[in-house]
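Participant: Protein chains in written order, with my numbering: chain A, 2 to 378; chain B, 2 to 378; chain C, 2 to 378.
Take the hints with a grain of salt, since some may be wrong.
The list treats identical chains as one, so a pair stands whether inside a single copy or across any two.
[Stated by the list, open to error] Distance condition first, Cα-Cα at most 30 Å in a straight line; then the derived DSBU-like pairs of lysine-lysine: (1) K356 with K191; (2) K121 with K156; (3) K153 with K121; (4) K217 with K146; (5) K121 with K224; (6) K191 with K266; (7) K121 with K230; (8) K325 with K191.
Keep in mind that the hints were calculated from the coordinates and are not lab data.
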Amino acid sequence: MKYTIIAVIAFLFLSSCGDSMKSTSVEKDVFDEAQIKSSMIKALEWQEAHPIFAVHPTDWTNGAYYTGVARAHKTTGDMMYMAALKNQAVANDWQPFERLYHADDIAISYSYLYVAMNEKRRDFADLEPTKNFLDTHLYEDNNWKAGTNKSKEDKTILWWWCDALFMAPPVINLYVKHAKQPEYLDVMHKYYMETYNRLYDQEEQLFARDMRFVWKGNDDDRKEPNGKKVFWSRGNGWVIGGLALLLEDMPKDYEHRAFYVNLYKEMANRILEIQPEDGLWRTSLLDPESNDHGEVSGSGFYTFALAWGINNGYLDKKHTPAVKKAWKGIAACQHEDGRVGWVQNIGAFPEPASKDSYQNFGTGAFLLAGSEILKLQ
Amino acid sequence: MKYTIIAVIAFLFLSSCGDSMKSTSVEKDVFDEAQIKSSMIKALEWQEAHPIFAVHPTDWTNGAYYTGVARAHKTTGDMMYMAALKNQAVANDWQPFERLYHADDIAISYSYLYVAMNEKRRDFADLEPTKNFLDTHLYEDNNWKAGTNKSKEDKTILWWWCDALFMAPPVINLYVKHAKQPEYLDVMHKYYMETYNRLYDQEEQLFARDMRFVWKGNDDDRKEPNGKKVFWSRGNGWVIGGLALLLEDMPKDYEHRAFYVNLYKEMANRILEIQPEDGLWRTSLLDPESNDHGEVSGSGFYTFALAWGINNGYLDKKHTPAVKKAWKGIAACQHEDGRVGWVQNIGAFPEPASKDSYQNFGTGAFLLAGSEILKLQ
Amino acid sequence: MKYTIIAVIAFLFLSSCGDSMKSTSVEKDVFDEAQIKSSMIKALEWQEAHPIFAVHPTDWTNGAYYTGVARAHKTTGDMMYMAALKNQAVANDWQPFERLYHADDIAISYSYLYVAMNEKRRDFADLEPTKNFLDTHLYEDNNWKAGTNKSKEDKTILWWWCDALFMAPPVINLYVKHAKQPEYLDVMHKYYMETYNRLYDQEEQLFARDMRFVWKGNDDDRKEPNGKKVFWSRGNGWVIGGLALLLEDMPKDYEHRAFYVNLYKEMANRILEIQPEDGLWRTSLLDPESNDHGEVSGSGFYTFALAWGINNGYLDKKHTPAVKKAWKGIAACQHEDGRVGWVQNIGAFPEPASKDSYQNFGTGAFLLAGSEILKLQ
């Protein structure tokens, strides 16, 4: 018998995030490989048993989730991830969601591409719908590209909100690798630069979520209660998480690769600089007091991106303790039954989360983080 | 540590319905708010993991189940209910089932309407199929309305069986509220009165299930072993459960509202009068000895309707202990893993249930009951 | 309280297959009826929560799984099996998979036929797609029948690989029983004999998987490391499992019945002869040392077929202890959460399994075995 009775009982009632800093006499070793793998599988099983989406199973929420599932499979090879990936791909008939102009609706294709590239059965995956989406998305005109949209978000470029940099570019990049069509990368880079030039705050080295949060020097510029600019944790998580995905599969000799490497490094260091004491980022990066609790979707994307950077030589190993502290905090937000809590709901700016609040993309961030933490030894 | 070792062990092996009256030294407080919410979520999770239906996911069995899920969401706001509601609505493409003349096949639209009215995303729900069904169901002729059907059930009115009063009227009523089309209410009332006039036993203040169970003064009138009339518990549960749903959303100034209020009060008092000692109704209301065990679908609908009446001022608060006793009995029929047992199988008259017998509509009745018990403090 | 604290703790940590032979002070009685039923339901629940397939939900992997679910329902009558059977049948719209020439793609119809024959609701099942498949499969020409295919597997008969004898014949046989069309049996027999004549090794009384494994007396004949012929455990499991299914529903007076009875008896005795000491067959029947661990899909099919033979008078009762030993081994391969492990992955010849390796058809074999072990008292 591995545990004493007391240990078993304690295990059954291990508390979640909020209590995570309290010491317990018998604690799980959150860096033990078997423990990490087990917590990841439990997260998968819980999420598969609790389907959730914004409007459709193929929308961006599952896009982010199954990107995490794909990366978890890549690291562990556990067939349970591949089974889930294939199951949803076939159920969705390999279709992206419906708005060809909207980056959100192609995010799910990251998982389709992953299955196509990693499942031994030939002619199983159907990537035609993905290719058709990309061709229209990148090459045909639309209201946003044309700049004719009149909304307060100023939707006058293709990727007018920073989340888009996770939704579309990694898919395009992986499609380039799979289909050997490098010309898509150049179009991607053009649109990426538009977003970067508009939303990246050079001084803060963070992304505004959209034009509503970019200061214009007016009295009505949006401010946090402490007077700082609004930098949304998950929003920046989308960007740096997307950068890690991009860099791993982007050709080493791609002419604009250095831009992405530099952007990754700048953001990574800034994110580390503002990491709260307990390891978990708050929903508002520069005003942590407003909702003063760790939030798991943003923190998960950061942990993934930072650990990926260390694992791949883009970030100094000296940051390992900081990244491990983040994972320790994230792991404590998982309920005993597998649910990943403390995930901010669907939104576009900082809002609070709670012990019970979950979303599939939060589980995706958890799996992304775990998949790199496993390699961080 | 909240519990002692003994408490934990006892908790793991807490027995179900049949044993519910045995005292255990450590008992869950079935009226604790967190405990009620937890047992409801466990019921939802178990049912979602064990899909079941008569002939199709959109049939009346899921109709009743997801009505319970909708009401559970209305009371608790727990996103897990809304996730399940949206998931099935999208999977079913917002379609009612196929027989436009059959009240059973529109029951699922209660959940579609609820999502449409309570999910913030605009243009997400598609209520056209519901409207089309209602238009045909209410305004076009069919075999039953025409009275040309020749069967022993005497299917010569639209809603010839009492279950129909749960399946269609609350959907019509909610559609009226949503779409602001009060004229549908008058048609509903016409058909409701047909059923009432035919199946309601003024003396017993209970509904016969269909014409087979209405006494005509003949020797072959159907009798229970004790010589009493056959009044089916779930059948009357459909009616009074439907009445509570109707009254909550029916315009306060609707011209026939008093009829529904009076019918609700008559039935509620009668149901209370015949409540068995242990709180749970038997499948045959006037012959409890025949299958002498509590049955959860009927009891669940009663508990919902009675608690709703107290919560909304239609029933005297003095009945609270009786209603609580019913909930205590129902709660004891839930297995440790979440399954709601002791539900009579699909049928049309009293038949026995068992500890393991479950149905989605039984889980729906459990959720309906819990959603009002939560407010009964 | 039924158990002592120690017993409960031990129960929570009961280990799986690899450790199964270690004695524990508190052991489940794997032959207790309630225990067998409980372990079967847990296997079902786990598998339903972890959908997996090769290429589509209607492919042979689910075909074999739901055949096991159907037989579990036949033995136990537990409605949870029927709910799962109906759910997948409706979700799949009663369609076989798509290749009308391929035996694999009709295997799922065993479950459709079972539902049609055992669900009380009339006109619920749609067997037209099954009939259309069979008509084409049996009566129309194709590349394999024509013998024009040029591959190393020598695909020059309809059922050129031994697995096919599980996939198609039991479905044809059950269709004959259901639709009262005995002429299909004769066509089945013709193709069965082709496979038998080609792949059955009269000396070893086992089936080669396909022509690659039939020795031609050449230097490059495939051999195991110990020099023996390659006889794949699951491959022979498909055949003898299929024989038990066939014999149960084949007309007692069918002219070729004796052939199937004799083949069953020959194989059953040979399988018993080579049973390893711990009860579980290795993936390579004549070279057990190569992957020297029990494998559950083959062993499950054997246990099903052998127990069926004892239960139906085709095998001497003296073999009961051997069959029970096999079930004991299989039961020990089930994880605490219900997963049936130690199942060789999809393949065509002996390869190793592991504690965690699962497949739906492995769960199907487990359910088939359990359904006959329940009757073996």
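Participant: Against each hint, give a clear statement of whether it holds in the structure.
Facilitator: Here is how each hint holds up against the structure:
In this assembly of identical chains, the alpha carbons of K356 and K191 never lie at most 30 Å apart, being 40 Å within a copy and 50 Å across copies at closest. Taking the closest pair of Cα atoms, K121 and K156 come within 30 Å of each other only across two copies (22 Å); inside a single copy the shortest separation is 42 Å, beyond that limit. Proximity of K153 and K121 under a CA criterion of 30 Å is satisfied inter-copy only: 20 Å between copies versus 48 Å inside one chain copy. Taking the shortest Cα distances, K217 and K146 sit within 30 Å of each other inside one copy (22 Å), while across copies they are farther apart (68 Å).
Only between protomers do K121 and K224 lie at most 30 Å apart by alpha-carbon distance; the minimum there is 26 Å, versus 52 Å within a single protomer. For the homomeric pair K191 and K266, the shortest alpha-carbon distance inside one copy (21 Å) is at most 30 Å, but the shortest distance between copies (70 Å) is not. Only between protomers do K121 and K230 lie at most 30 Å apart by alpha-carbon distance; the minimum there is 28 Å, versus 49 Å within a single protomer. Within a single copy, K325 and K191 get their C-alpha atoms no closer than 35 Å, and across copies no closer than 66 Å, so neither meets the 30 Å cut-off.
Hint compliance for this structure: hints 1 and 8 are not met, and every other hint is.
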